[in-house]
Amino acid sequence: METPQLSSLYQQLILEHYRSPRNKGDLPDKTVEIHMRNPSCGDEIRLQLRIEDGRIAEAKFVGSGCSISQAAVSMMTGLIKGRALDEADALAERFKEMMHGDEAAAKDRSMGDLRALAGVSKFPVRVKCALLGFDALQEALKQTAGGEEH
Amino acid sequence: MSSFDPVAIRREFPTLDQQVNGKPLVYLDNAATSQKPRSVLDALNGYYLHDNANVHRGIHELSRRATEAYEEARAKVARWINAADPHELVWTRGTTDAINLVAGSWGMDNIKAGDEILLTVLEHHSNLVPWQLLARRVGAKLRYVEIDDQGRLELGDLPSLLTERTKLVAFNHVSNALGTINPVKDIVAAAKKVGAVVLVDGAQGAVHMPVDVQDLGADFYAFSGHKMCGPTGIGALWGRRELLESMEPYQGGGEMIEFVERDMSTWAEVPHKFEAGTPNIAGAIGFGAAVDFLATLPAEEVAAHERALMSYAMERLAEVPGMRIYGPESVEDRSAVVSFTMGDAHPHDISTILDSEGIAVRAGHHCAQLVMKRFGVSATARASFYIYNTRDEIDRLADALEVVRGIFG
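Chains as they are written, first to last, in this note's numbering: chain G, 1 to 150; chain W, 1 to 409.
Possibly wrong hints are sitting among the right ones.
DSS-like cross-link-like pairs, simulated, lysine-lysine; straight-line CA separation at most 27 angstroms [to be verified]:
#1 G:Lys-30 to G:Lys-142
#2 W:Lys-23 to G:Lys-128
#3 W:Lys-373 to G:Lys-60
#4 G:Lys-128 to W:Lys-373
#5 G:Lys-128 to G:Lys-60
#6 W:Lys-112 to W:Lys-192
#7 G:Lys-81 to G:Lys-107
#8 G:Lys-122 to W:Lys-23
#9 G:Lys-142 to G:Lys-128
#10 G:Lys-24 to G:Lys-142
#11 G:Lys-107 to G:Lys-122
#12 G:Lys-60 to G:Lys-107
#13 G:Lys-96 to G:Lys-24
#14 W:Lys-167 to W:Lys-112
#15 W:Lys-373 to G:Lys-24
These are computed hints drawn from the structure, not numbers from a lab. Quick caveat: nothing in here was measured; it's all calculated off a predicted structure.
Only chain W is shown next, with the shape it has when bound in the complex (with noise of 0.2 angstroms):
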């Protein structure tokens, strides 16, 4: 008998006990954002019912009590990901903001005209338009890594795609859209031979089990609390110390300031020179009870609870008449996501059918335009499951597709 039992699970999940249009709901949207578990609602109230106070500025016990707080979540966070040192925490609004950061100072600060920067088609807007914006302003060029017809990345490119020009390399750990999961430490050692700086998209790689980016090798990486059961405004970028301590702030204002003087000043110690202004201090708190409870799962056994919903999704799926789904065939290449369409029922047609049987499932590009594009579609339906989802959920998924099919034919 298992210890992990995803039934329990949710009833930490107070969103999930309700009825959507008459039904049980059935949360399959969990890439898009996971449900709260109740102890980071608590967390959330805790602190504005008993501690709330500006960090890092009082001599007052309540702010002494929120930047306890404040920077104890940063080190659980940084545990989280086996970051060497709190300090390479840096906390964002979210993944985006995140890339955002290190576009705006790293990548103002490295990158020329002429340079190159590559990503690839498998990634999400948030990991392509900061650098198109960023190689618009300095002239510098943009390359991609192709994606196969399973929609997995092309490797057998870099060696001709990486050269003494590829400043970064850019590119998510998992496919939201697809599910991919990249392989991170085979790319990085590929970039570090032509001495590219690496940033990883991990916004959907953090979120099911526990990350170790010492072993991962990459120079950044960043990722959303949302996603990993905390509140939605708050993220973290982890940078290797040297390269934050290298980088110019990316705001300007409060907190990240040592001496102000008429014409300039000097920063604040990293990571608090890229913490302008009164920070998510909640958020943050909620974050760190998001990874709190997720520490206290067995993560080989959410891995493979995860798996398990995998092969039977993909399974009932492939019953489906009119079926096509898209990404890795192979289950150990994917994350707990399934992207597809059905026969000439639009996503949006399915989504709308599954939302009546009280099935929550995203339909659209997922931000993912490059992608709908290398497989001529415009959008897909996306199921994606999490810690709390479980065997009869996807059951109620395969069910409602057959009234899709009774409506659509």
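Chain G on its own, in the form it takes in the complex (with noise of 0.2 angstroms):
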């Protein structure tokens, strides 16, 4: 197996995002908050949304863990912003897609920042680090669905 790589895995935008993240804090007037964990190795996370009129009007997390989780949480929160639920969905999906080595979505520019994970694919044992953000996304987007159709 070729060997990968370190330096795609910690570029610098990840360092940054891990040191400065985007949007952590509590938001007290969130709609839904999925508190997410990854017991084998400890990362954290409770993503806080409020969802008006079918759109994310605010993302924002509290939580701790590497610095894969944290930095993909804090790209994440930036990007869907203002999104409609179903186009949050399709990011999580497309996301997915990325760090299943699909090259097409690492170059898929509404990815933004995300794209920097793009090198996570290739250390597959901290996959699940990235997509801690994005599986509380869905949750909270399965949630939302489900509330309006009762």
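Build the complex from these two chains, which are given one at a time in their own frames, with help from the hints.
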């Protein structure tokens, strides 16, 4: 197996989001909150969204964990703000494709800063770190959709 | 010149001789599982190639050989812990299974509502969760011995924690998360004053050198083969014979019975009473080969080698800026485990970077979340050493930590 390069994993942009996360803190008027943990490693986030008229009006998170998990959720919260719920879900799906090594997804401009995480796909044991925020997002979307049906 | 040479020992371990990510492997995850010497692999293979048959059943030659090898292995492992009698050694799937056996059999019959079980916050989940399950079923209460800032048990609290309600005291011989070596005999003596039964989790205890269960004085000692050169899926429970004899079977099935009637059966003798079903015969034989291998090493020199590695590792790691080392400061009080964090580099990131340098360490909570909480961290990186590790490998670790610093600053 080819040796994956560390430099493809620890890009400056990732370290920068890790050190100075965007949208970190509590969202007092959230409409949904998902607590997601990765029991095997202790990564943890609480994703808080305010959803209005089928759009994500605001997104924040609190959490702790490795650089990959925290940078990914920091990048994600920046990108989903203002998006319709199905757009946010599509972003999550696109990100998963990138984590499975899809090179087109890694070049997709709609992915914004998230493209810096493309190298994670070469480190299979770290993929679940990157997905933690998106798992929380999809769970939040599911709960919101379920709530509307009642 | 010492007769113990880790470089020569390494040649017996085929797994160690490989490149990982383009670098020679440095295996420092021994507290999770040790590598296996060729003699153990040969024993496993030899059984399957020549002697494979079920034990204690057939009259035929292969069954005779398999049974003999299986029981011989029991005697060897029993000798390794100086059990008074090989019949006091029950084969299990590992330490976890052994502890669950005691909780499910002895615990269910002897611990009642209002009774107390004394544990410590230093425990591996395998010595916590079985007691939580038991306590919930019978209405017993769990109490804990706390640890100090160096990860040592606060034994001064024992007199107030141990009362006539304390029916069981369970703790580890050596902490897997911090390496703390616990003073087993002192704790046993205190527990015995209130008549409590004592179980020692020996998963990290019996692995470097022989253990003398008679001298330790506990009632149960649970340990695993795979952390001491043996295969996975085999471990043992040592128990005092009279206790084992007083206990109900843990699981029912073949092998563990004497006579079976429609409504009830009679049990086989200890230890077979606790070994329902076809056992891990190859695993037991491999475990026997592992203690044969370890017994050829000079115990004192192995201990000195591992202490020297520890001292050197503590010294080299302490030079790294941002380094925080957890556990006892004195090398005398700790086994060959160094748990650490480094600035804002998360342990997972440390482990990924070390892996890219060919170095295997563990990162996470080490199945000891109470320990992590005590120190206010969610995870640590852990390097653990064994008989075959060398000073050069510690230099490789220290150099690789500089790479971590290069990335995380």
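Hints and how they fare:
1. Distance check on the hinted pair: G:Lys-30 and G:Lys-142 sit about 16 angstroms apart at the alpha-carbon level, within 27 angstroms; holds.
2. About 26 angstroms separates the Cα atoms of W:Lys-23 and G:Lys-128, which keeps this hinted pair within 27 angstroms; it holds.
3. This hinted pair checks out: W:Lys-373 and G:Lys-60 have alpha carbons roughly 26 angstroms apart, not beyond 27 angstroms.
4. For a cut-off of 27 angstroms, the pair hint linking G:Lys-128 to W:Lys-373 stands: about 23 angstroms separates their Cα positions.
5. Distance hint between G:Lys-128 and G:Lys-60 is fulfilled; the C-alpha atoms sit about 20 angstroms from each other, no more than 27 angstroms.
6. Restraint check for W:Lys-112 and W:Lys-192: satisfied, since their Cα atoms lie roughly 19 angstroms apart, inside the 27 angstroms limit.
7. For the suggested pair G:Lys-81 and G:Lys-107, the alpha carbons sit about 21 angstroms apart, so the restraint of at most 27 angstroms is met.
8. In summary, the hint linking G:Lys-122 to W:Lys-23 is supported, as the alpha carbons are separated by about 18 angstroms, within the 27 angstroms threshold.
9. Pair hint G:Lys-142 plus G:Lys-128 holds up; C-alpha atoms about 20 angstroms apart against a cutoff of 27 angstroms.
10. The suggested pairing of G:Lys-24 with G:Lys-142 holds, with an alpha-carbon distance near 23 angstroms, which does not exceed 27 angstroms.
11. A hinted pair counts as satisfied when its Cα atoms are at most 27 angstroms apart, and G:Lys-107 with G:Lys-122 qualifies at roughly 16 angstroms.
12. For the suggested pair G:Lys-60 and G:Lys-107, the alpha carbons sit about 26 angstroms apart, so the restraint of at most 27 angstroms is met.
13. Distance check on the hinted pair: G:Lys-96 and G:Lys-24 sit about 23 angstroms apart at the alpha-carbon level, within 27 angstroms; holds.
14. About 9 angstroms separates the Cα atoms of W:Lys-167 and W:Lys-112, which keeps this hinted pair within 27 angstroms; it holds.
15. Using a Cα cut-off of 27 angstroms, the hinted pair W:Lys-373 and G:Lys-24 holds, with the two alpha carbons roughly 23 angstroms apart.
When held up to the earlier numbered hints, the structure conflicts with none and fits them all.
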